[in-house]
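Protein sequences appear in the order of chains E and B. Residue 279 in full-length UniProt numbering is what sits at position 279 of the first sequence, and the numbering runs on without skipping anything. Residue 102 in full-length UniProt numbering is what sits at position 102 of the second sequence, and the numbering runs on without skipping anything.
Incorrect hints may have been included.
Claimed, not checked - Derived contacts from chain E toward chain B, CB cut-off under 8 angstroms, selection only: (1) D133; (2) H151; (3) S276.
To be verified - Just a sample of chain E residues kept apart from chain B, beta carbon distances all over 10 angstroms, derived: (4) T68; (5) P115; (6) P145; (7) G204; (8) S216; (9) V235.
By construction, these hints were calculated from the structure, which means they are not laboratory data. Even for Gly, the Cβ is constructed at its ideal location relative to N, Cα and C.
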Amino acid sequence: MQTVLTLTHSLLTRSLPPVFCALALLCFPLADTAEAAPLTQLVTDPHNVLSDAERDQLVEKLTTLRETLPSHPHILIDLPGHVDDIDQYANETFHASGIGQKGQDNGLLIVLDIPDTQSRIEVGYGFEGDLTDLQTHTILVAARPDLKAGHYAAALNGMVDAISEALRKSDTTVQETAAADEAVTFSNTDMLLGGGGLLLFLFGTVFTIRAQRRASRGEPLSGLDRFLISVPWDVLLNLLINILSAAARNNSRGSGTSGNRNSYRSGGGDSGGGGSKDKW
Amino acid sequence: MKKLLIPAILVIGLIILMGSNYNRFMGADQRVQEQMGQLQNEVQRQSDLIPNLVNTVKGYATHEHDTLTDYAAARSGETPLNRIDPRSVSDEALQKKILDAQTRNAQEIKAITAVAEQSPQLQANQNFSSLMVQLEGTQNRITVARQRLQQAILSYNQTVMHFPGNLLAGVMGYHQRVYYEASPAAQTPPVVDFSKH
Numbered sequence: 001m002q003t004v005l006t007l008t009h010s011l012l013t014r015s016l017p018p019v020f021c022a023l024a025l026l027c028f029p030l031a032d033t034a035e036a037a038p039l040t041q042l043v044t045d046p047h048n049v050l051s052d053a054e055r056d057q058l059v060e061k062l063t064t065l066r067e068t069l070p071s072h073p074h075i076l077i078d079l080p081g082h083v084d085d086i087d088q089y090a091n092e093t094f095h096a097s098g099i100g101q102k103g104q105d106n107g108l109l110i111v112l113d114i115p116d117t118q119s120r121i122e123v124g125y126g127f128e129g130d131l132t133d134l135q136t137h138t139i140l141v142a143a144r145p146d147l148k149a150g151h152y153a154a155a156l157n158g159m160v161d162a163i164s165e166a167l168r169k170s171d172t173t174v175q176e177t178a179a180a181d182e183a184v185t186f187s188n189t190d191m192l193l194g195g196g197g198l199l200l201f202l203f204g205t206v207f208t209i210r211a212q213r214r215a216s217r218g219e220p221l222s223g224l225d226r227f228l229i230s231v232p233w234d235v236l237l238n239l240l241i242n243i244l245s246a247a248a249r250n251n252s253r254g255s256g257t258s259g260n261r262n263s264y265r266s267g268g269g270d271s272g273g274g275g276s277k278d279k280w
Numbered sequence: 001m002k003k004l005l006i007p008a009i010l011v012i013g014l015i016i017l018m019g020s021n022y023n024r025f026m027g028a029d030q031r032v033q034e035q036m037g038q039l040q041n042e043v044q045r046q047s048d049l050i051p052n053l054v055n056t057v058k059g060y061a062t063h064e065h066d067t068l069t070d071y072a073a074a075r076s077g078e079t080p081l082n083r084i085d086p087r088s089v090s091d092e093a094l095q096k097k098i099l100d101a102q103t104r105n106a107q108e109i110k111a112i113t114a115v116a117e118q119s120p121q122l123q124a125n126q127n128f129s130s131l132m133v134q135l136e137g138t139q140n141r142i143t144v145a146r147q148r149l150q151q152a153i154l155s156y157n158q159t160v161m162h163f164p165g166n167l168l169a170g171v172m173g174y175h176q177r178v179y180y181e182a183s184p185a186a187q188t189p190p191v192v193d194f195s196k197h
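Take the sequences, apply the hints, and build the full model.
Below you can see the structure in the form of structure tokens.
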């Protein structure tokens, strides 16, 4: 018995460290890979590639473009570090962030994956006519020298300037508030349905309680009473809460920037994979 | 009066429940139709781009010349995918048409890249590079459209199969949908990046 225990102990102490090392090695690349998540800033730079001044200058430029161009483009910049598939990452991030206004899809996302020396411009549906895949590719190719030299701010400024130039020439015009109004109208229908259902629920529970009291007193029950007692009110309540919370989420959804110049709030815009990528 | 109140409330409640479920089914169904239409458009966009590429490549092709000509002949006279109304054909029939188009596009792209890989002059051709960038764009759009179609079908199926939707879906004519599975043969091969040449 003693021998078995000694052997097991020795086996465990020998085998555990390599197992832990292997697990750690497996976990490391996963931890370094950026996953698509909603962006909440105009310029997202978690690895501090840009200086504060460079970031502020870009934020100022993006805000001015949004305010002055007739298409009010929502342009976001993301420097996520290493990503596995830049096409998929850019599209999923765009979709999750809802860049651009709902229904107008006037959003653009510039992604720089510096560790893998690759870049991508993801174009919202609304700008596919103004910025073709070929145009975005030309913009990315023009930024190669700056990217190769490590002048990321210069490269990003050049890209934004070229994008704004292309958008200036287009006749796409967007009303800044149209999408927000639409969202409120849609959610009002939901609120009406949810509210009507809630009213029904309240009446139903009151009559159910009365029916249950009658049953506990041993009074004869009508068919309606038996039906009310058998209704799964908790399931219905759960359903109604879901409808109302979805409506509330819709109502609170707006688009734009808040007090902090760099912050970005989803507008509900989307992209279908338009744009281009490049390697520098 | 009091006797009528409860049935009236129940009827109103039932109407609200049916109405809200019907809206959910219809919404989910419309999203599937939209995504199906999007996939049709993107695959057709790719199909439209290929003849231009073939014309650019033909002058450089030696071995694949006949193959490319055969594909071009097979393509002529077909109804473009984006002109097919998804409501006029069954899901299976439409998915087969999309799948066939994707498979043929994939074979043609394979033949085109085979020519390009052997011809540095072609790789340096500006027109060819531009077309390849567009081709890459269509491939990415197809991938996105296919993923979103799958998500839309999943969401639709969950709506019609989960309680309480499953009680009403069949009566209202909403049945479970088939997922769009692209076979390996239909997957377009990765586009070779000649942009640096």
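Taking the hints in turn, this is what the structure says about them:
1. D133: Holds, about 3 angstroms.
2. H151: Status violated, d = 20 angstroms.
3. S276: Hint holds; S276/E Cβ to chain B Cβ min 6 angstroms, cut 8 angstroms.
4. T68: holds (29 angstroms)
5. P115: At about 18 angstroms from chain B, P115/E clears the 10 angstroms cut-off, so the statement holds.
6. P145: Its Cβ never comes within 10 angstroms of chain B, the nearest being 13 angstroms, so this holds.
7. G204: violated (7 angstroms)
8. S216: Check passes; 20 angstroms lies beyond 10 angstroms.
9. V235: violated (8 angstroms)
Going down the numbered hints, you'll see the structure goes against 2, 7 and 9, while the others check out.
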